[in-house]
Each structure stands twice: as structure tokens, then as C-alpha cells.
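Protein chains: 2
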Amino acid sequence: MAEYRVIPEGTVTSPKGFLAAGIYAGLKVFGEEKRDLGLLFSEELCDAAALFTSNEIKGAHVVLGQQRIQGKKLQAVVVNSGSANTCVGEQGLVDATEMTELAAKKLGVLAGHVIAASTGVIGVELPMALIRQGVEKMELSKEGGHELARAIMTTDTHPKELAIALEIEGKEVTIGGIAKGSGMIHPNMATLLCFLTTDASIEADFLHEALKEAVDASLNMVTVDSDTSPNDTVVIMANGRAGNERLKKGALGADIFQEALAELCIHLAEEIARDGEGASKLIKVGVEGAESLADARAAALTVAGSALVKTAVYGNDPNWGRIIAALGRSGARVDESQITLYINEFCAMDKGLPVSFYKEAAVQAMNRPEIYIRVLLHLGDASATAWSCDLSQEYVTINSAYTT
Amino acid sequence: MAEYRVIPEGTVTSPKGFLAAGIYAGLKVFGEEKRDLGLLFSEELCDAAALFTSNEIKGAHVVLGQQRIQGKKLQAVVVNSGSANTCVGEQGLVDATEMTELAAKKLGVLAGHVIAASTGVIGVELPMALIRQGVEKMELSKEGGHELARAIMTTDTHPKELAIALEIEGKEVTIGGIAKGSGMIHPNMATLLCFLTTDASIEADFLHEALKEAVDASLNMVTVDSDTSPNDTVVIMANGRAGNERLKKGALGADIFQEALAELCIHLAEEIARDGEGASKLIKVGVEGAESLADARAAALTVAGSALVKTAVYGNDPNWGRIIAALGRSGARVDESQITLYINEFCAMDKGLPVSFYKEAAVQAMNRPEIYIRVLLHLGDASATAWSCDLSQEYVTINSAYTT
Chain Z
0 MAEYRVIPEG TVTSPKGFLA AGIYAGLKVF GEEKRDLGLL FSEELCDAAA
50 LFTSNEIKGA HVVLGQQRIQ GKKLQAVVVN SGSANTCVGE QGLVDATEMT
100 ELAAKKLGVL AGHVIAASTG VIGVELPMAL IRQGVEKMEL SKEGGHELAR
150 AIMTTDTHPK ELAIALEIEG KEVTIGGIAK GSGMIHPNMA TLLCFLTTDA
200 SIEADFLHEA LKEAVDASLN MVTVDSDTSP NDTVVIMANG RAGNERLKKG
250 ALGADIFQEA LAELCIHLAE EIARDGEGAS KLIKVGVEGA ESLADARAAA
300 LTVAGSALVK TAVYGNDPNW GRIIAALGRS GARVDESQIT LYINEFCAMD
350 KGLPVSFYKE AAVQAMNRPE IYIRVLLHLG DASATAWSCD LSQEYVTINS
400 AYTT
Chain R
0 MAEYRVIPEG TVTSPKGFLA AGIYAGLKVF GEEKRDLGLL FSEELCDAAA
50 LFTSNEIKGA HVVLGQQRIQ GKKLQAVVVN SGSANTCVGE QGLVDATEMT
100 ELAAKKLGVL AGHVIAASTG VIGVELPMAL IRQGVEKMEL SKEGGHELAR
150 AIMTTDTHPK ELAIALEIEG KEVTIGGIAK GSGMIHPNMA TLLCFLTTDA
200 SIEADFLHEA LKEAVDASLN MVTVDSDTSP NDTVVIMANG RAGNERLKKG
250 ALGADIFQEA LAELCIHLAE EIARDGEGAS KLIKVGVEGA ESLADARAAA
300 LTVAGSALVK TAVYGNDPNW GRIIAALGRS GARVDESQIT LYINEFCAMD
350 KGLPVSFYKE AAVQAMNRPE IYIRVLLHLG DASATAWSCD LSQEYVTINS
400 AYTT
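Here the protein sequences line up with chains Z and R, keeping their order. Residue numbers 0 to 403, in numbering that gives the first Met the number 0, belong to the letters of the first sequence in order. Residue numbers 0 to 403, in numbering that gives the first Met the number 0, belong to the letters of the second sequence in order.
If you are wondering where the hints come from, they were derived from the structure by calculation, not from laboratory data. Treat the numbers as computed from the prediction; the structure is a model and nothing was measured. Some hints here could point you the wrong way.
Cut-off 30 Å, straight-line C-alpha distance, at most; resulting in silico cross-link-like pairs (BS3-like, lysine-lysine) [to be verified]: (1) Z:LYS358 - R:LYS27; (2) R:LYS105 - R:LYS136; (3) R:LYS358 - Z:LYS33; (4) R:LYS358 - Z:LYS27; (5) R:LYS247 - R:LYS72; (6) R:LYS141 - R:LYS170; (7) R:LYS211 - R:LYS248; (8) Z:LYS141 - Z:LYS283; (9) R:LYS105 - Z:LYS358; (10) Z:LYS27 - Z:LYS141; (11) R:LYS72 - R:LYS104; (12) Z:LYS27 - R:LYS27; (13) Z:LYS350 - R:LYS136; (14) Z:LYS136 - Z:LYS170; (15) Z:LYS248 - Z:LYS170; (16) R:LYS71 - R:LYS248; (17) R:LYS247 - R:LYS71; (18) R:LYS136 - R:LYS27.
Partial pick of chain Z residues on the chain R-facing surface, computed with a CB cut under 10 Å [to be verified]: (19) LEU18; (20) GLU55; (21) SER228; (22) LEU251; (23) ILE255; (24) ALA311; (25) ARG321; (26) GLY330; (27) ARG332; (28) ALA347; (29) LEU352; (30) PRO353; (31) SER399.
A few chain Z residues that don't get close to chain R, going by computed Cβ distances all over 10 Å [said to hold, decoys possible]: (32) LEU139; (33) ALA164; (34) GLU269; (35) ASP316; (36) ALA381; (37) ASN398.
Glycine residues also receive a C-beta, built at the ideal position from the N, C-alpha and C atoms.
So here's chain Z without its partners, still in its complex pose:
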């Protein structure tokens, strides 16, 4: 575990030199707390890295972002919720490009150093007139991270934000992040949008590597509905304001930064799962003793994503056969006679044999806001954790009337 402290009320603008804004620009139905357009800005040009969706269908901002990140330098992100700017033909790329140009002009930076991001309904063109007006009137501030965290929400019930401070070779370094999730959430990437900032000085290639490793163990291990979005985007920007000696692979402090970044991403991943559409419980699946990391991850994610496991958790139903059935179809090597299974503190199966239990006690053990499903495969040394949420009637209600 990396040593770090959580910054009270921390957010994506907690690291030095980052400002942000989030406003209501009319892209969604109005609500007191609603925001739908946002800006994230670094006073210095940043080393940057980004990861995008693995979906063959890609939002226009993903296509543009994949080009822009080639330069490994970014200074701003402009983002909207309400429309995904996806499946709208060539207009999509025209509009995403204009978004970055509008932001660049306002901020006095190069458009090539701006990334755009969109989330919302697919197949609807961006209302560019509203976005032009909106970018114009946004006011950046040091507290703007909180508003930006709201501006990226769709069916999320609350913003997800965190900032942590740690010491690297005598210098205090801060890492901040915000994310949104809720629906169409499955790796890779497991989040629609996640923006990370740090005032550490970091070489871009190491930054990319550290981001990939952190995301693989966190956001890519979240599943709400097994549906991978065409818009998923994670961006990290490092502006060097902390004054530390530049971090690169193998440098002193590189491991500390890597671990702290992973911890921050795990926190955001857990928050996304906890706030999955219609969720009443967080499900955490830990698989230990797998033959390989790939096996451990596949097993954990398959259990976490099973509709039958998710409904059983919702109903406090200790129907653990569903967990074993999901393990069996995960593609991971499993040996029934070696499996030990816990649901919270209660053991359901021990080395392949069902454990007699008092059903009411098991039901009670499941009637909690967090359910920890722990699987011991006893085949090797690899382990992994996946995050999900229960599947409730409310999930169906939310998703059966999303656009109508």
C-alpha cells in the first residue's frame, strides 16, 4: 500500500495549477443541480496519457482524442453530457473538433492540446449553438472541479471525486480525479469518463504505463451491465508544478506514484459500481489462487457481471450455485473440488463441498450495503478484484424509459 493522505473535499482541481468549470448549458432537461458542459484547464502544458474504449463503434471524440494524444501533450479537456456525439456520421468529428477549437480560443492554448469528450444518448447530433454559448460563458476556478464532476454525470446519482497527497523524494505531490459511470459500464474501459490530474512532473511514456496498469486493476474491473460504451475515455494530465524530479520508469518514487494512482482509480471504480443504475448494494468479488492474472480477472468479472448473481444479491438470496456457475463459464481454469467460497463472513462451499448453513443467518449476512464474494480457487498465486452492483427493479425502470 502506498502511503498517502486523502485531501478533504479533494477533486480534480486539487493539484496545483489546475482550474475547472461546469455549467448548465441546456443540453439536458433543467434541474437545480444539473450541469452538462465543463472545462478542465492546466496553467502549464502537461505531459499526458489517455485510454479509450475498445468498442469497434467509437464516439467522434474518441477518434479525435486518439489522434491528439499522439503528441503526448495536453492542456485542457472540454466535455459535455446529454449527447454522446456518436453514430451521427461525419458531423460528429466536425463538432468534436469545433468543441476543442472553442475551448482553445477561450483559454488561449493550441486546439491540438485540447481533448473533447461527450457522454449521453447515441445517434443525436450535438446542439452546437448551445455549446458555443456555453463555452463562452464558463468561468474557471480552483473550486470548479466539483462543478465539472457534475457536468459529466448522466444517470449517476452523485459526483465521484477524490484527491490524494503523497510525498515523492521530499516533495509533496497531489493526484486528483473525477469519474462518471452508472450505465453502459463494462471494460475496457469500465467508465465512460474519468479525468485525472497531478502536479507531479512525469515523463509521458511512464505516465501512460502507470495509467494503463492502474486502470486495468480498477476501472477495467467494474461492470454494471456488461455493455461497453463507444465513448469511454480516461485522461491523465501532469503539469509538473510540484517541482519533483521528473518521474520515469525505474526512477526513485515511480513505484510510489504508480501505487497511489492505482489506489485513487480503485476508489473511483468502487464509487462507480456503488452508484450503478438502480443499485442498492456494492458487490465486490475477490478471486484468489487462480493460475494466472488473466484467469483471476476473468473469473472475478464474470461473477460480478452475472445477472443471476446480481439479482440474488439484491434479494439477499444465498443462492451460491449461481456464483459457481458463473465461475465455470468464465473461461478461467477452475476445479470444482478445490473451490472454497465465502459470501461476506459465511462459507457456502469448502473445497468443492456445500457447507450446511442456517438459511436465515445467510440471508441476514447478505442484507448489507456491501457484499464481498470471496472465491479461493486453490490452483495458483494470482488474484484479482472486480466491482459491481446488484440488479434491481429500479435498474429496469431507469433503462426502459431513458430516451422517451
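Given the structure of chain Z, go ahead and fit chain R onto it with the hints provided.
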């Protein structure tokens, strides 16, 4: 299309020489129409083939059945619902074997020619005392197929049965089948249990090939919840009573039989999807113009299985972006600019561009018991169909309190 006629009230005992029974033996909570133990019997020893689950965790009857089918000869099936006889340690195989011995003794056949099958809750031992009594008191009859179809039901709301007659080289041949589905339904196999019979004379290797081909295009293209059961079993028995010249690969009439068998399996597949847990609508996904059959099948199944597509269908929500997003993550090659998409008769996307539509008309087009999602990829000649059902609050209700 093969030429055949549907037999009124046809079932698995419609082919000559097959008898069956289904009774209530006390394995499930009592209900007027409830059956939980059944027998299927052929007066002659049959050429036989079977396919089993791809889940790494296998029910005891699957392990036993995989051994028994090596001999390519069967004369009876004994089956129970209520307990899956899965994940109960070594007792599972002991009990499955005893079930076949009880049936063999009653019927005066070899236990090696009997297959057992179980479906229900995982992790609970079979109540063998009830099964011993039950096998004893079953009475076989020509109409018993209808009772047997009930005996394999779990959360199914009605039995699935069909028999068809066709002519092969001047001889009338009958094929009958029953199946159960409802929950934990996803290839491979897409059905928990399916029993097929025919009075045609067929060489066992060709029978296996014909079964595999039929199941790949039908039962393996059904998904209710993306959860593959450890117990899935399809068995076909051919007793030769029709007196046709023995069918083998390339023989006259082999194609006709193959096609008719596939049609029968498609009917059962569609019935399983229509009766998925909590379903109010059948979803049929046709993918055309894919580069390969594997691509077409992956694309169709991924769309059919998407929780977001299924909830949108439930709510008559023409949120077609979810269909495109599912296509994009299916693993099939897709080119956004080439995709044309219909939901029933209404075109949502034409060669990559959204088609403006009157939303109320689209909502109305979706307010029907069958939704046909038709995707034209325009990349090749391969096509495939998948079947699913909508995802309703009722699904959650059913599955959140299954064992409690």
C-alpha cells in the same frame, strides 16, 4: 425450407415407438399442474447423439451422460426438476448413476442405455428416497410426452413441445421434441434440457452431425440472461420404426431430415426465448451481410443479450444507439458507415446515418409482442439469427427470491 407438416398436439412421443411419463414426486412445492420427475422410453434400442454444456462446472448427469453417449446407443432418459444435482461432491455421480439404474430396472433395459438429467437449484443433493418411489410408480403412455414436458419445467410458464412429419424417400418420418429454458440460459447450450425423438432410421454419426448443426443455429443462439448453466443437455434418439432406408451423410433424404430437425429446434429455441424469465416480448435479432458466420452469430447474440437493449425493448424505447454499441463490442467486424438498422418496419440508421423519425411512431412500432431487430452490415454474405426476450422488473422479482 424443408417440407413438413406440424402434427396437432405433437410432442416428444409422437414418433412411433416412443412412450413417456411425468409425475409429481415431491421434489418441488406442490401445485396442481406441477410435475418434477419423468421418463422417456423407446421400445427399440436407438441410435443416439447428445450435446452438453460448455461450462467448466458440470452437473453430475452431464459427467455421466458424456460417458454413456460414447456407445451411441440409448433407450431411455430419466429426468427430474427441482434440484440440479450439481456441486454436491461425489454423491452427485452416485445419485445420477442410481437414477439410471432405477429407470433401467423398471423398463427392463441396460443402465448403460439410459441417460439421466437434472435441473433446478445448485448445491442441493437429490432427494433419492422420493426419486426411488417416483420411478416405481410412473406409468408410461403414448400421451406421456405432455406430462414429461411439464416434468422438466422450472420457472418456465408453459411446456414447449413440437412434432413434425415429413416424407423421406416415400416413407413418413416423424420428429418430436420438448425443451425447457427460462433462466440461466445462454449458449452453449442455450437450453437447460431438450429431448428429441424420431422414428427415422439414422446412423449415429450423422445423427450427431445433424444435431450439432441444428443446435448451433437454434438453441445455441438463444440468450435470456447470458448465464450458461452447468446442466445443459440435448439428447436425440432415433429408433428406426419409420422403416426408411438408413440415413447417413450424403444419403438421399439426409438434407431433408437435417433441415426439418433444424426447423424444429428453431421453434423450440424461439419458444424458450419467448418464455424467458419475466419476459413480455420476444426479441429476434437478424444480422445480415457479415464477413463470416462466426461474426454474424457473435453480433446477433451480443445484441440479443445486451441488458440495455432488452430494457429498451421492454419500455418501447427506440434508443437504437444501444444496438449499435452492442454490435461494436461483439467482436464481429463492423464498419459504422455501412450499417443499416431496422426495428420492426422502422429504419433507425441507414448506411451509418441516423434516420429522422417521428418518435411516437417508433414507440408504437415497438409496442408489440415480437420485436425484430434487423441489422445489415454490408460487409459480406453471412447471416444469423438470435433470440432473446425483454428485461422486465418481473425478471428481477423472480430471480431475487428464487431459493428463499
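Quick check: which numbered hints come out false for this structure?
-> The structure conflicts with hints 8, 9, 12, 13, 14, 19, 22, 23, 35 and 37, although it agrees with all the remaining ones.
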